[in-house]
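Chemist: From first to last, the protein sequence lines stand for chains R and P. Quick note on numbering: the first sequence equals residues 308 to 615 in this note's numbering. Quick note on numbering: the second sequence equals residues 12 to 454 in this note's numbering.
No wet-lab data here; the hints were simulated from the structure. Misleading hints may appear alongside valid ones.
What the hints assert, rightly or not - For each label pair, taking beta carbons as the anchor points, the in silico distance ranges come out as:
{"no.": "1", "chain 1": "R", "residue 1": "534", "chain 2": "P", "residue 2": "308", "range": "19 to 29 Å"}
{"no.": "2", "chain 1": "P", "residue 1": "316", "chain 2": "R", "residue 2": "404", "range": "53 to 63 Å"}
{"no.": "3", "chain 1": "R", "residue 1": "604", "chain 2": "P", "residue 2": "107", "range": "35 to 45 Å"}
{"no.": "4", "chain 1": "R", "residue 1": "515", "chain 2": "P", "residue 2": "306", "range": "35 to 45 Å"}
As the list claims (entries may be wrong) - List of simulated lysine-lysine pairs, PhoX-like, C-alpha gap at most 20 Å:
{"no.": "5", "chain 1": "R", "residue 1": "402", "chain 2": "R", "residue 2": "362"}
{"no.": "6", "chain 1": "P", "residue 1": "274", "chain 2": "P", "residue 2": "152"}
{"no.": "7", "chain 1": "R", "residue 1": "593", "chain 2": "P", "residue 2": "206"}
{"no.": "8", "chain 1": "P", "residue 1": "110", "chain 2": "R", "residue 2": "593"}
{"no.": "9", "chain 1": "R", "residue 1": "593", "chain 2": "R", "residue 2": "399"}
{"no.": "10", "chain 1": "R", "residue 1": "402", "chain 2": "R", "residue 2": "593"}
{"no.": "11", "chain 1": "R", "residue 1": "362", "chain 2": "R", "residue 2": "448"}
{"no.": "12", "chain 1": "R", "residue 1": "448", "chain 2": "P", "residue 2": "206"}
{"no.": "13", "chain 1": "R", "residue 1": "362", "chain 2": "R", "residue 2": "399"}
To be verified - Here are a few chain R residues that sit away from chain P, every Cβ distance over 12 Å (derived from the structure):
{"no.": "14", "residue": "361"}
{"no.": "15", "residue": "366"}
{"no.": "16", "residue": "373"}
{"no.": "17", "residue": "403"}
{"no.": "18", "residue": "410"}
{"no.": "19", "residue": "458"}
{"no.": "20", "residue": "506"}
Quick reminder that beta carbons are idealized off the backbone N, C-alpha and C, glycines included.
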Amino acid sequence: MAITRRELFTTIAKAGVPAAVALTVGSKALQAEEIPIPGAAVGLLYDASICIGCKACVAACAEANDTPPDTRGDSLHQAPSDLNDLTRNIIKLYKPEDGSAFSFVKRQCMHCLDPACAAGCPFQALHKDPETGIVSWTADKCIGCRYCTITCPYHIPRFQWQGYNPRVTKCELCSHRLEKGLKPGCTSVCPTGAVIFGPRTVLLSEAHERIKNNPGRYYQSRVYGEIDNGGTQSLYLSRVAFEKLGLPELGPESVPARTLRWQRRLYQYFALPALLYAGLVQVIRKSLAGHEQEAHERERETGLRAQL
Amino acid sequence: MSTASMRNAPDRLRYARWERAVPVYGFPVVNRFFLVLVAMTLLAFLLTAYRELAGLGPVSGMNDAYGWGIWKTFNVMVLTALGSGAFAVGIAAWVFRRKRLHALMRMALLTSFLAYACGLLLLGIDAGRPWNFYWIVFPWKWNMHSPLAEVAICMSIYAMIPLAVENIPPVLERLWYFDSRLRPGVERFERGLHKFFPWIIAAAYLLPGMHQSSLGALMLLAGARVHPLWQTPWLPLLYLGAATFMSFGCVAGTTMLCCLVWKRAMDMEVLDEAARITAWLIFGWLALRLLDIVFRGVLGTAFHLDRFAGVFWLEMLLVLIGGWMLRSSLRTHETRTMFLGYILSSLGGMIYRFSPTTLAFRPNPESLYFPSAIEVLVSLGFICMGIAGFLLVVKRFGILPAPLQEWHDMASYFRFRRPYIRWTGYFKHGYYGENEPEVTDSD
Chain R
308 MAITRRELFT
318 TIAKAGVPAA
328 VALTVGSKAL
338 QAEEIPIPGA
348 AVGLLYDASI
358 CIGCKACVAA
368 CAEANDTPPD
378 TRGDSLHQAP
388 SDLNDLTRNI
398 IKLYKPEDGS
408 AFSFVKRQCM
418 HCLDPACAAG
428 CPFQALHKDP
438 ETGIVSWTAD
448 KCIGCRYCTI
458 TCPYHIPRFQ
468 WQGYNPRVTK
478 CELCSHRLEK
488 GLKPGCTSVC
498 PTGAVIFGPR
508 TVLLSEAHER
518 IKNNPGRYYQ
528 SRVYGEIDNG
538 GTQSLYLSRV
548 AFEKLGLPEL
558 GPESVPARTL
568 RWQRRLYQYF
578 ALPALLYAGL
588 VQVIRKSLAG
598 HEQEAHERER
608 ETGLRAQL
Chain P
12 MSTASMRNAP
22 DRLRYARWER
32 AVPVYGFPVV
42 NRFFLVLVAM
52 TLLAFLLTAY
62 RELAGLGPVS
72 GMNDAYGWGI
82 WKTFNVMVLT
92 ALGSGAFAVG
102 IAAWVFRRKR
112 LHALMRMALL
122 TSFLAYACGL
132 LLLGIDAGRP
142 WNFYWIVFPW
152 KWNMHSPLAE
162 VAICMSIYAM
172 IPLAVENIPP
182 VLERLWYFDS
192 RLRPGVERFE
202 RGLHKFFPWI
212 IAAAYLLPGM
222 HQSSLGALML
232 LAGARVHPLW
242 QTPWLPLLYL
252 GAATFMSFGC
262 VAGTTMLCCL
272 VWKRAMDMEV
282 LDEAARITAW
292 LIFGWLALRL
302 LDIVFRGVLG
312 TAFHLDRFAG
322 VFWLEMLLVL
332 IGGWMLRSSL
342 RTHETRTMFL
352 GYILSSLGGM
362 IYRFSPTTLA
372 FRPNPESLYF
382 PSAIEVLVSL
392 GFICMGIAGF
402 LLVVKRFGIL
412 PAPLQEWHDM
422 ASYFRFRRPY
432 IRWTGYFKHG
442 YYGENEPEVT
452 DSD
């Protein structure tokens, strides 16, 4: 006997349920995610304890990226108070009221190994380079939704609020200079070597070396960014608590891996939604037949055209 | 006509069976209120043109700390929840086969379509670089795991295909009655449409289920910046749940309001059914929310004296009182209690959907966001556009449910007032089609 359409669908459903569940539950996303470290990951190591706050890096950054000076504060000096649409890099001062240790801090993109901005970006305008691990922004793909400004746990990407053609501004590690064999603007001018550029592995061993040579100097004797938020490519050493410098304690798991795990599982290979759709079609096919029949009976009773 | 006079109304108005969607006849589309709505819409369009030239900064209160303003957080996050009627009422009617709810389906479909259309238009205006939306047609460029991509893609597809197609039948019906010469073509088109209906309707439940929950997933990535009373792994489910009871409130509440304004009888059987389902949805949602808060161990923060605790208790109490009023209206059959119940619970739900992005959002460093006048005017203008569209459609198409008698009343009204009218093959052929020519289609 030939297979009816109903049988075909039920067979598919019977085979589909275990298959979809297996795909969803057994998929890689379920297991603890290994965040791949890009082969040629480069980054910055910033040692807040030797930064003198001269802001040479702020000016160098603007020059390297060809941004006009942000003189909106007093229309004379380039002295932005925070990162903004003209400022990819800034030096801030943490100075507690009670007179305890103060510290400068350099803020720029952390180039996370698993960046939340790229995880949320709908059309991959923010993209992590698989080679160098630099997180960069592509104007052609950005719809200007500003989701990156919501998702970034370090609050780095900034949106341009003026003009009909707004851009998103963030540190891209001067990738145009790296291509020419130059160092990023900020590291090329730092007088004390508070910020240095290099491969992430080299920077990490340098940081551990400093911690070993100066016991008790650094907060918790650890490097911020080695494991924090799944690991970052901008690494920090500091005398004061990282939280005071705007580097929140996020734990070893990256923000996207922690928060989107279920989301990713449910949509894995689109298996569960497809299954749900097939089931819904079956149910509605039946309801629709019943509903149409009732409507036509009613049409015969009242003489008025059926309304479906 | 107030609820008080409705209580004293003759039984014909109080108890009736909704059997047919009948246009609201006898009221002009263009009246003073409608003109105000149109003026607000035009003003919003003008301001939108200014926004496109000047950028978002000069027209809105958005800043680096609050990257999202009310255009996204109210017009999209909140109003599409109210406009999920096609999803929630539809699932109850078609999947769980609550047959009486079919009477409300056309209202649900229309309100959903208008809410989504206005929300999506404003989303395009809120986007800083909307010309790049064309990536939406290249699936391999999507970031499949981004909740925002899911929302943007799924919402546009849903509004443009399943929701739009589901709204075609009233239009076809209007054409069918408009001129008897159109009938064979309309019927042929309808037959073709009905073949695709199961697939369309199923998509109309899958897609909103996906994007209404993804709207909640959006704020998961914001992490600790959302207050712990709201930030939970269950945020997607809670967002979806809020959308279900809010949309029941929107559909049933709007229908009741229309009945009141245009003196239509209410079908208490349908309204009771809707209220019963809404009450269950509300209590289920409240239980889930409270259990989640208790098990995450953040109940203590609800008793701090700060704005977060205030907003939390406001939304919980509004939803709870609304749900309780709906329950009690089932016993007393007081339409007033039922209507207020819908209003309060939907209001609570609206605040809940609004909170994680705005009221309970704590950017670091602390900063303030308050919408600017232009922002509010544009937001209102797009809402007014939806309302104007609703008034226009309800008066020209069979959307609002009514007793059978209403249809016959409409027929005699038009026979008397508009003897020349042509959309009345109905009159030509009599009430019961007794004079219908026995010509079969030759196609």
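Chemist: Take the hints in turn and mark each one as holding or not.
Modeler: Now the hints, each set against the structure:
1. Our hint of 19 to 29 Å for residue 534/R and residue 308/P holds, since their Cβ atoms are close to 25 Å apart.
2. A C-beta distance of roughly 24 Å is found between residue 316/P and residue 404/R, which places it outside the suggested range of 53 to 63 Å.
3. Judged by the Cβ atoms, the range 35 to 45 Å given for residue 604/R and residue 107/P is violated: they are separated by roughly 22 Å.
4. Checked against the given bound of 35 to 45 Å, the beta carbons of residue 515/R and residue 306/P, roughly 40 Å apart, stay inside it.
5. Taking the CA atoms of residue 402/R and residue 362/R, the gap is about 17 Å. The hint holds against a cut of 20 Å.
6. Between residue 274/P and residue 152/P, the direct Cα distance comes to roughly 52 Å. Violation of the 20 Å bound is thereby established for this hinted pair.
7. In summary, the hint linking residue 593/R to residue 206/P is supported, as the alpha carbons are separated by about 13 Å, within the 20 Å threshold.
8. Distance restraint check for residue 110/P and residue 593/R: the Cα-Cα separation of roughly 13 Å lies within the 20 Å cut-off, and the hinted pair is therefore satisfied.
9. With a C-alpha separation of about 66 Å, the suggested pairing of residue 593/R with residue 399/R is violated against the 20 Å cut-off.
10. Annotation: proposed proximity of residue 402/R to residue 593/R is violated, straight-line Cα distance about 70 Å (limit 20 Å).
11. For the proposed pair residue 362/R and residue 448/R, the alpha carbon gap of about 33 Å is over 20 Å, so the pair is violated.
12. About 38 Å separates the Cα atoms of residue 448/R and residue 206/P, which puts this hinted pair outside 20 Å; it is violated.
13. With a CA separation close to 9 Å, the supplied pair residue 362/R and residue 399/R stays within the 20 Å bound.
14. No beta-carbon of chain P comes within 12 Å of the beta-carbon of residue 361/R; the shortest separation is about 24 Å.
15. Listed as outside the interface, residue 366/R is consistent with that label: its C-beta sits roughly 21 Å from the nearest C-beta of chain P, beyond the 12 Å cut-off.
16. Every C-beta of chain P lies more than 12 Å from that of residue 373/R, the closest at about 21 Å, which supports listing it as non-interface.
17. For residue 403/R, the non-interface assignment is confirmed: its Cβ lies about 15 Å from the closest Cβ of chain P, beyond the 12 Å cut-off.
18. No Cβ of chain P approaches the Cβ of residue 410/R within 12 Å, the least distance being about 17 Å, so the stated non-interface status holds.
19. Not every C-beta of chain P lies more than 12 Å from that of residue 458/R, the closest at about 4 Å, which undercuts listing it as non-interface.
20. For residue 506/R, the condition that its CB be more than 12 Å from all CB atoms of chain P holds, with the nearest at approximately 28 Å.
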